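2 protein chains.
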Amino acid sequence: MDPELQRRRLSEARVGRLATVGATGEPHVVPVCFVLDGDAVYWAVDHKPKATRRLRRLANIAANPVAELVVDHYSEDWTELWWVRVGAAAAVLEPGAETEHALDLLSAKYEQYRDRRPEGPVVRLTPRRWSAWSGSAQ
Amino acid sequence: MDPELQRRRLSEARVGRLATVGATGEPHVVPVCFVLDGDAVYWAVDHKPKATRRLRRLANIAANPVAELVVDHYSEDWTELWWVRVGAAAAVLEPGAETEHALDLLSAKYEQYRDRRPEGPVVRLTPRRWSAWSGSAQ
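Residue numbers (the working numbering), protein chains in the order written: chain F, 1 to 138; chain H, 139 to 276.
These aren't lab readings, by the way, just hints derived from the structure by calculation.
All figures in this text were calculated on a predicted structure; none of them were measured in a lab.
Among the hints, erroneous ones may be present.
To be verified - Only part of the chain F face toward chain H is listed, based on derived beta-carbon distances under 8 Å: (1) R8; (2) R17; (3) V30; (4) A62; (5) V66; (6) W83.
Virtual Cβ for every residue (Gly too), placed ideally from N, Cα, C.
Only chain F is shown next, with the shape it has when bound in the complex:
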């Protein structure tokens, strides 16, 4: 899969799954809504009801500032399967201009956020490694 197609598929995906690692080395994975902006991926803690505001994914990134995000397509025709992964440095942003910029982009991508702007915090992923796979030769 050429780099341009990897980028487009990541950018257009409506949901990805984000893996982080806890302080004691255990993996954690959750679906996330996100936006790709140049060399950054942003996602935000939003208003979707959570068990707690102290999310494990945020605690994990504070303890171990790395993450991996995968977007993929599932089909019963396995020649149509594909995924794109980015291994990234991760940082929880302080409130400020970059957070507002990211929330603007998230609201542009997801109309659900226009009705109710996320409170944050926002997390920035800085991709360090892209990889991709496709069930066809593509």
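Starting from the known structure of chain F, fit chain H onto it as the hints suggest.
Same frame as chain F, now just chain H:
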């Protein structure tokens, strides 16, 4: 989400995303086809073309025998979102009766495997912690 519904959603999902952790603490996440069998989840290395037989997810489990699997539903109506996660002990099985049993179950769930039985190895996840979330009150 009650435990029975969590179990059913995990069992019926056609694809999940599996997170593991590398020897140096970095997260790794990939889509996987899997089957739930009592208190075990099985997935197999299959014939889908891979860059290498020495998959990172297997090396990770050998170094750090834990994994987390998430299944989820995405919809533009965010009240319909849900996910179910299992944190698990993970083990790469040696060839033998349990591997053949798992491959039988995977072939029963996925007709794609009936045409071409996976060569394996098979990985067994033993759930230690279930969690779930739903965008509705359900």
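Structure-based check of each hint:
At its closest, the beta carbon of R8 of chain F sits 19 Å from a beta carbon of chain H; the interface hint therefore is violated under the 8 Å criterion. Taking 8 Å as the C-beta cut-off, the interface hint given for R17 of chain F holds, the closest approach to chain H being about 4 Å. The beta carbon of V30 of chain F is positioned within 8 Å of a beta carbon in chain H (closest approach about 6 Å), and the interface hint is therefore held. Interface hint status for A62 of chain F: violated, as the beta-carbon distance to the closest one in chain H is roughly 14 Å, over 8 Å.
At a threshold of 8 Å, the smallest CB-CB gap from V66 of chain F to chain H is about 5 Å, leaving the interface hint in force. Interface hint at W83 of chain F: satisfied, since its Cβ lies 6 Å from the closest Cβ of chain H, which is below the 8 Å cut-off.
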